[in-house]
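Chains as they are written, first to last, in the working numbering: chain A, 1 to 584; chain B, 1 to 584.
What you were told as hints is all true, and nothing was included just to trick you.
Where chains are identical, the list cannot tell them apart; a pair therefore holds if satisfied intra-copy or between any two copies.
For lysine to aspartate or glutamate, the following EDC-like pairs were computed, each having C-alpha atoms within a straight-line distance of at most 16 Å:
(1) Lys191 x Glu39
(2) Lys83 x Glu183
(3) Lys83 x Glu39
(4) Lys472 x Asp391
(5) Lys357 x Glu495
Hints listed in this document are in silico derivations from the structure and should not be mistaken for laboratory results.
Number of protein chains: 2
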Amino acid sequence: MGEKLVVNGVFVLGVSLMLLGSLSLGLGAKTRHFKWDVEYIHWSPDCSSNSSEGIVMAINGQFPGPTIVARAGDTINVELTNKLFTEGVVIHWHGIRQIGTPWADGTASISQCAINPGETFVYRFILDKAGTYFYHGHYGMQRSAGLYGSLIVNVAEGEKEPFRYDGEFNLLLSDWWHQSVHEQEVGLSSKPLRWIGEPQSILINGRGQYSCSLAAQYSNSSVEQCKFSGTEQCAPQVLRVLPTKTYRIRLASTTALASLNFAIGGHKIVVVEADGNYVQPFAVPDIDIYSGESYSVLLIADQNPKENYWVSLSVRGRLPKTPQALTVLNYITNHASKVPSTPPPVAPLWNNYTHSKAFSNKIFALIGSQKPPILARRRISLLNTQNKINDYTKWAINNISLVLPSTPYLGSIKYGLTHNSLDYKQPPETFPIDYDIMVPAKNPNATHGSGVYTFRQNHVIDIVLQNSNALKANESEIHPWHLHGHDFWVLGYGEGRFDERNVKDLNLKNPPLRNTAVIYPYGWTVLRFVADNPGVWAFHCHIEPHLHMGMGVIFAIDVHKVGNVPRQALACGLTANMFFENKP
Amino acid sequence: MGEKLVVNGVFVLGVSLMLLGSLSLGLGAKTRHFKWDVEYIHWSPDCSSNSSEGIVMAINGQFPGPTIVARAGDTINVELTNKLFTEGVVIHWHGIRQIGTPWADGTASISQCAINPGETFVYRFILDKAGTYFYHGHYGMQRSAGLYGSLIVNVAEGEKEPFRYDGEFNLLLSDWWHQSVHEQEVGLSSKPLRWIGEPQSILINGRGQYSCSLAAQYSNSSVEQCKFSGTEQCAPQVLRVLPTKTYRIRLASTTALASLNFAIGGHKIVVVEADGNYVQPFAVPDIDIYSGESYSVLLIADQNPKENYWVSLSVRGRLPKTPQALTVLNYITNHASKVPSTPPPVAPLWNNYTHSKAFSNKIFALIGSQKPPILARRRISLLNTQNKINDYTKWAINNISLVLPSTPYLGSIKYGLTHNSLDYKQPPETFPIDYDIMVPAKNPNATHGSGVYTFRQNHVIDIVLQNSNALKANESEIHPWHLHGHDFWVLGYGEGRFDERNVKDLNLKNPPLRNTAVIYPYGWTVLRFVADNPGVWAFHCHIEPHLHMGMGVIFAIDVHKVGNVPRQALACGLTANMFFENKP
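Produce the entire structure from the sequences given, and follow the hints as far as they go.
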């Protein structure tokens, strides 16, 4: 109890603290080149064991992967070489719309063939707007294996953010299991299901503490106080601030499962950005952040500068079995090792959804933002259910559990190739009117499918995401849905089954633009988007094991307008065959 | 100690006991069709943990994979579907020469592109001769992950073996680690090297006992007596024999590392086949078997039929840290659970190479077998060294550590594509005359390479495999070298450095034909083969981590004569690009 947290300068490496407004690096957008090798490295993100055990998927030997910092309008050119031994790999640039470059979206079986070991694929795309983004693996459960990193897009040269700050921090949030991803995948595909359970640790910039606590003296448990020299793989990064200054904290969640609540002891925060879009600023004591979401919050270092304060992340939406993740807000000139004088923030109860919904309902687009079209051309209602199919536990959308084909859609649709015409029929646009969302799914005809919803370019589409009871009575889970290639407006949330009477309550005035939106237990969420980006795009629950269990759908938009797909994106399955058949 | 081994009928399932000579299934060769899915399953081959932990690579849900039983001249047609989530896969048919079908040899980066997840590749090839074979993964370390099974080729209809027996058993031998193969691979590729260590268990037909012993009452340690109901994944298969009858025991070793000694308490065995070739029968109390080798031995059940006897496998050639693997030779009508009345066989000391060499030197071709050509056209001397390259620990052959290219050789050579002309130059045919094999490698210019030895069809090639000291003083390891696409004659073994004076002692009269031959510590082995099979073939140390560390070479034989390579074998890397460039 008397032990002190030893923190030194090493801890703050990696948390970028940038003073803006003083730099002028030149005019116009530029192309930023990166050469990345993906490989496994020995690493223990939460120091649960010595680093001779446990591996993570790393980029250029770094976990998390390198942070990209660029400006809106820049072109990113990543030459990605697969240095794994037997596994393919892809990288998805989460939140980047890939306007005109659908083959660079980095989704295996959807936008491209996985990159084979030893091969290099070039991801080249334009950063269409400023914001807080990240990148991650999108093949099997390679995101859970550690393949992720931050992608920070500042405003274009000469542009200004609609808020001011003196410095910034970037916190990429993730969760970590001690069981290997390969074992997790097998368990999820087993009969009966072997669920992965709750994560052992929550990581902040790839660092968590499993067998010790930074705040042991405030804990009732017998957990030991952490003693770090600063060189440990799991030593926390401390946020160092000058009194009275304002900081932008970028938060992005690439968790496999965990919904999180972020708070800073003694401080309020002001939300200014969500998923790369400005929101009307509002102050809160804490925020919920779901997998696939990102936020920028402003923090004013306006508290007693003689003290340090806790930065905490707590599990929400599931009975928490994972310790709160902590780091320290360190007022310069205190020593970083000075332990805060009060206990870490207490998060709302895990199932206090009233708190979560209140937060969601505070998010509006910044005044002056683009409004959604008044009318949608088509509405697709997607019922989320947990099902048994041949005794395997699956998630299904309108009774269909997604199975990705071995030939990526982008190539097979563009070239008119199909395994089976049935696969590509339009899946159901809605679900039975008498489906009772309050009880476990009875639908015995749930099935697997690889179907595609097809849209014409620029059509306006409404999506009603409808939650329901899971297989166990009185259980309904949170699902954060993420759309590729587009942002959508979140028109509203509601309880129970969505109904025509709810339409009048939808917000067409100032709904926020997002790329990820949650459905709450037993609730619905309505989204609107303009299908303006030709390509094939995933829309799925961002909880990685849920996607693995089939929780997603595929949207295709005027694929005939897509040109110049790089050959490597097509070098598998039926598209490869097609080129072979045309051999001279 | 008073506990009894409980054995029931379940134990003998899977050990095939076939009475020959009584069946006549039709005339001529046939095509045998198989549909196989490769996937991970939860499995614990040595019951080290409950089966909710640990995974193995299985075929159609079976570990080891299904046993193929066929006849010489038959065609095998395996439709192999990759049901892994992110890993490619191939299967090598070990000992089958693939005459005219080099693309079916199942070596990733050499004979074909790895099969992508979700895709199916058809292995279709002829079983050119009778013998005891097996199949296994040949990509990364997927063999260690459990991807293997038996391939038993009986003589053609109407033909007879040159020995008689009343029944047969098939024992596929392997070794097992508790660390995942993915972690092993990372450790082997790390700087400094993290060696995988000795296996936790030796498996007989995929079954070993880690936390108990079948012979605890004979052990000095505190290990517990095994208590099996028979349904356990690690329950041993018992060999049930009738007194006075003669049995053929087929042995094949697909170990990743371990060299083994096989013995049956109280019985002599007669060796009649090695690697699918008949040998002049000889009796021994025990035999050494190295990874990649197979034998048939005859056992006469001529001992006291009131007793049962131990069947044992012990580690040779490395300081043993792995318990002896055991099962029981059960004389019918004893109960299978009757514990043998004497302790298990005691193997020769691990480093008693005199014993090993005496066995090797007893193996001669069956009288009347084909003799080797009198003269060789070319001799290639291959120095085996352990090296440091940029501080990574590697194995090198004539100073070059093999790195496999991402485009398989068969396609890139056939179509005249190369990454880099340097890669495809002929590697050195010999090594410096003054190289001192008795001390650690000094050669600081060891390097990586993907070079190829090129042969004209039907040229006669001699290979001198030269062992040497490893990186540690006074250490030289055993390496079993395996050749693809061909058998070779083993002309002789010797001590120290091979010298022209040794030529006169080589055996040209009745050397055995093999596909795998060992080099002993500080020794040499001379092989001769006729390069009669156009294609690209691996020749490598069959210890999987050694191959992973570069211990192999590549032979190309008149590749321009190879036709009709299946398109899927070419659908990666430069060969895929070539077809894309020729697109209409």
